[in-house]
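S.K.: Chain by chain, the residues run as shown.
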Amino acid sequence: MSGASAATHVLVVEDDPHLAAGIMENLRAEGYEVTTASTGEQALEWLATHGCTLIVLDVMLPGIDGFGVCRALRERGDSTPVLFLTARGDPADRVRGLEAGGDDYLAKPFHLQEFLLRVRAIVRRWDWYRSASATAATAVLRFGGNEVDFRAFRARAWNGETQELTEKEAMILKVLAEHGGEIVSREDLLERVWGYDVFPSTRTVDNFILRLRKRFETDPANPRHFLTVWGVGYRFLKEGEP
Amino acid sequence: MKATRVFQLTALALVLVSAVQVGWWLLDQHAYTVEKVQAARATYADQVAAAQALLDAGVSVARVEQLLPSIVVSGGRARLAPQLAQALTTEERRRYNQYAWEGSFFLLALAACMAMIARALRAEARVHEEQEGFLALVSHQFKTPLASLQLSLETLALRAPPPDAARRLIERMLADLARMELMVTQILESARLERGRIELKSEAVQLAGAIALVSTQLEERARLERVALASTIAPDLFVVSDPLALDVVVRNVLENALAAVQGGGSIALSARRANGAVQLEVRDSGVGFAPADSERLFEKFTRLPGGGSRYGTGLGLFIVRRLMELSEGSVSARSDGPGRGATITLAWPAAAPSTAVAPAAAVQTSAAQRSAAVEEPRP
Chain E
27 MSGASAATHV
37 LVVEDDPHLA
47 AGIMENLRAE
57 GYEVTTASTG
67 EQALEWLATH
77 GCTLIVLDVM
87 LPGIDGFGVC
97 RALRERGDST
107 PVLFLTARGD
117 PADRVRGLEA
127 GGDDYLAKPF
137 HLQEFLLRVR
147 AIVRRWDWYR
157 SASATAATAV
167 LRFGGNEVDF
177 RAFRARAWNG
187 ETQELTEKEA
197 MILKVLAEHG
207 GEIVSREDLL
217 ERVWGYDVFP
227 STRTVDNFIL
237 RLRKRFETDP
247 ANPRHFLTVW
257 GVGYRFLKEG
267 EP
Chain C
36 MKATRVFQLT
46 ALALVLVSAV
56 QVGWWLLDQH
66 AYTVEKVQAA
76 RATYADQVAA
86 AQALLDAGVS
96 VARVEQLLPS
106 IVVSGGRARL
116 APQLAQALTT
126 EERRRYNQYA
136 WEGSFFLLAL
146 AACMAMIARA
156 LRAEARVHEE
166 QEGFLALVSH
176 QFKTPLASLQ
186 LSLETLALRA
196 PPPDAARRLI
206 ERMLADLARM
216 ELMVTQILES
226 ARLERGRIEL
236 KSEAVQLAGA
246 IALVSTQLEE
256 RARLERVALA
266 STIAPDLFVV
276 SDPLALDVVV
286 RNVLENALAA
296 VQGGGSIALS
306 ARRANGAVQL
316 EVRDSGVGFA
326 PADSERLFEK
336 FTRLPGGGSR
346 YGTGLGLFIV
356 RRLMELSEGS
366 VSARSDGPGR
376 GATITLAWPA
386 AAPSTAVAPA
396 AAVQTSAAQR
406 SAAVEEPRP
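Just so you know, the protein sequences line up as chains E and C, in that order.
Sequential numbering from 27 applies to the first sequence in the numbering used here.
Sequential numbering from 36 applies to the second sequence in the numbering used here.
Please note: incorrect hints may appear among the correct ones.
Beta-carbon label-pair distances, calculated as ranges [what the hints assert, rightly or not]:
| hint | chain 1 | residue 1 | chain 2 | residue 2 | range |
| --- | --- | --- | --- | --- | --- |
| 1 | C | A213 | E | E101 | 38 to 44 Å |
| 2 | E | D175 | C | L156 | 30 to 36 Å |
| 3 | C | W60 | E | P246 | 57 to 63 Å |
| 4 | C | A144 | E | E101 | 34 to 40 Å |
| 5 | C | G168 | E | T34 | 55 to 61 Å |
| 6 | C | G168 | E | D175 | 27 to 33 Å |
| 7 | E | P117 | C | G168 | 45 to 51 Å |
| 8 | E | P117 | C | T251 | 38 to 44 Å |
| 9 | E | A178 | C | L191 | 40 to 46 Å |
| 10 | E | P117 | C | V55 | 40 to 46 Å |
| 11 | E | P246 | C | L49 | 16 to 22 Å |
Among chain E residues calculated to face chain C with C-beta under 10 Å, some are [claimed, not checked]:
| hint | residue |
| --- | --- |
| 12 | D42 |
| 13 | H44 |
| 14 | D84 |
| 15 | S105 |
| 16 | P107 |
| 17 | A113 |
| 18 | A133 |
| 19 | P135 |
| 20 | F136 |
| 21 | L138 |
| 22 | F141 |
| 23 | A147 |
| 24 | L263 |
| 25 | E267 |
These aren't lab readings, by the way, just hints derived from the structure by calculation.
Just so it is clear, CB atoms sit at the ideal spot from N, CA and C, and this is done for glycine as well.
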């Protein structure tokens, strides 16, 4: 991905021409640069040679579907955020979207304002994440024998294993590291990483913390770096709890 | 639905238990017979031994045979009367035969019951699955134009665009509404067609007239979308069909072709007589499809990569095929590949011009009247 040079470029993958045109016109009116693709294949082909800030991805595409496109992107190490659009709004479908590596999920028909809000939220989060990982000092985090590379979404754990981080894991770690030693509430984490409060529950945050412990704690059952502050949230200790 | 399922599952369980019981009963009867026969053989063996002992002790043959009636003596040796040995063997065989026949009859009957119930359960599961799939697809098909409609309206409200942009949005909304209206009509038509509760008339209809009726109505749209619509049909070609079904078929095929050539192109209609049939070819310069997909096109809600059905409902060609089957005609599609256009070929039985009636509705054909072609028969 070309990173900062594609600061406000959005790829819209939607097979319905009216919807694609409507989304494109509105995003352009908001100052985004927009490219459209009508199939998953087209999108993957374009993304192989171009970068963008956000992908607005329809789920039910002819040929390879939206989930497939997202999975293929993640498999080739492309972490561009994805906002899924789908005609099916059931919870199972949302979970599938998340599992496929999507950042957000909007059911059709949607409100224009809400759509624009979500696009802005994702773009803002990624701007923050990129700028917070921009310098050599902030791009890498070392703690307890672990070394996390925020720009590559990769880490070398204390036991020598290489860990591929998801965007959400990296973002949570970034937020916690920025507030090292301080208590960060679950709500704050949701706000910073997901951007708004309607979609995931605070339980989601707990699950992500469990995953981080499994990756980076020598004894995940007795964590020394990712500490739970009961009833409030979490505290990250770089040096580890004595 | 649920009660039926519970009943079927209970019946299946009962039949299974019965089958196990029959099996157990068979084994039990077999063991009982074996035991009885062995006991009888042992008794007879004892009698033979006793008779031999008496003979060896010097008792007369007559006396021995009198004391033990089931024993005969020949050459100084006692043995079982042949008819008794025979009777025992016969009885043994008779019982085994009886178990084999009765047992297999009951087991067969029970197996048949199980097969029937299992089949009903499977059929029900399939119907359920199809319904679920249908609903999911229908809701998807509706939500897309709905989303587009909402987006256009909210864009108008949010941005107060200049007149030409507003006009474009309004045209888009009208097209979305038309798409939804067509979809409702087609869903009703296909539902009726699937239930098979329709009666089609068999009349001789002039093909050129029927096509002219539809193409006149689509001319304006074709012009707006820069599609050249050309039709060369000889006026003496008559087909046997229900006039309204013919109208629906031609309309759906032309709508489909128009959707495929979005953004400019051509649609050409030609017809000829061949082997007692009249063949109509609708050739378009549109998005085409992979040759391997030529059958899938006629399935419900087929969406092919490259998407000629982008504006369509995914039901048009499904309806066409069902109506053509009911009209004793046929329909097929071919394409040299994506982006290389497509040809739909329709064939109806040819009719003699003398019996002809006026094409479809020389009266108006609104969407509502179109669906009358697949109206259920009145009681």
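S.K.: Each hint should be assessed against the structure and marked as holding or not.
M.R.: Hints and how they fare:
Evaluation of the 38 to 44 Å hint for A213/C and E101/E yields a pass: the beta carbon distance comes to about 41 Å. Remark: the range hint 30 to 36 Å for D175/E to L156/C is contradicted by a beta-carbon distance near 55 Å. In this structure the supplied range 57 to 63 Å holds for W60/C paired with P246/E, their Cβ-Cβ distance being about 60 Å. Evaluation of the 34 to 40 Å hint for A144/C and E101/E yields a failure: the beta carbon distance comes to about 56 Å.
With their beta carbons about 40 Å apart, G168/C and T34/E fall outside the hinted range of 55 to 61 Å. Distance hint check: the CB atoms of G168/C and D175/E are about 45 Å apart, inconsistent with the given range 27 to 33 Å. For the hinted restraint 45 to 51 Å between P117/E and G168/C, the CB-CB distance of approximately 19 Å leaves it violated. Look at P117/E against T251/C: about 49 Å separates their beta carbons, and that is not inside 38 to 44 Å.
Hint check: A178/E to L191/C, Cβ distance near 45 Å, so the stated range 40 to 46 Å holds. At roughly 43 Å, the beta carbons of P117/E and V55/C sit within the given window of 40 to 46 Å. For P246/E and L49/C, the Cβ-Cβ distance of about 52 Å falls outside the hinted range of 16 to 22 Å, so the restraint is violated. With 10 Å as the threshold, the beta carbon of D42/E comes within range of chain C, its nearest partner Cβ sitting at about 5 Å, so the hint holds.
The beta carbon of H44/E is positioned within 10 Å of a beta carbon in chain C (closest approach about 4 Å), and the interface hint is therefore held. Annotation: interface hint on D84/E holds; nearest CB of chain C at approximately 9 Å, less than 10 Å. Contact between S105/E and chain C, as hinted, is not supported at the beta carbon level, the nearest pair being about 26 Å apart and thus beyond 10 Å. Because the beta carbon of P107/E sits about 21 Å from the nearest beta carbon in chain C, more than 10 Å, this interface hint is broken.
For A113/E, the interface hint holds, the least distance from its beta-carbon to any beta-carbon of chain C being 4 Å, beneath 10 Å. Against a cut-off of 10 Å between C-beta atoms, the interface hint on A133/E holds, since the closest Cβ of chain C lies about 8 Å away. Because the closest C-beta pair between P135/E and chain C is about 4 Å apart, less than 10 Å, the hint holds. A cut of 10 Å between beta carbons decides the hint on F136/E: the least distance to chain C is about 7 Å, and the hint holds.
At its closest, the beta carbon of L138/E sits 4 Å from a beta carbon of chain C; the interface hint therefore holds under the 10 Å criterion. Contact between F141/E and chain C, as hinted, is supported at the beta carbon level, the nearest pair being about 8 Å apart and thus within 10 Å. Checking A147/E against chain C by beta carbon gives a least distance of about 18 Å; that is not within 10 Å, so the hint is violated. Taking 10 Å as the C-beta contact cut-off toward chain C, the hint placing L263/E at the interface is violated, the least distance being around 47 Å.
For E267/E, the shortest C-beta to C-beta distance to chain C is roughly 50 Å, which exceeds 10 Å, and the interface hint is violated.
Comparing the model with each earlier hint shows violations of hints 2, 4, 5, 6, 7, 8, 11, 15, 16, 23, 24 and 25; every other hint is respected.
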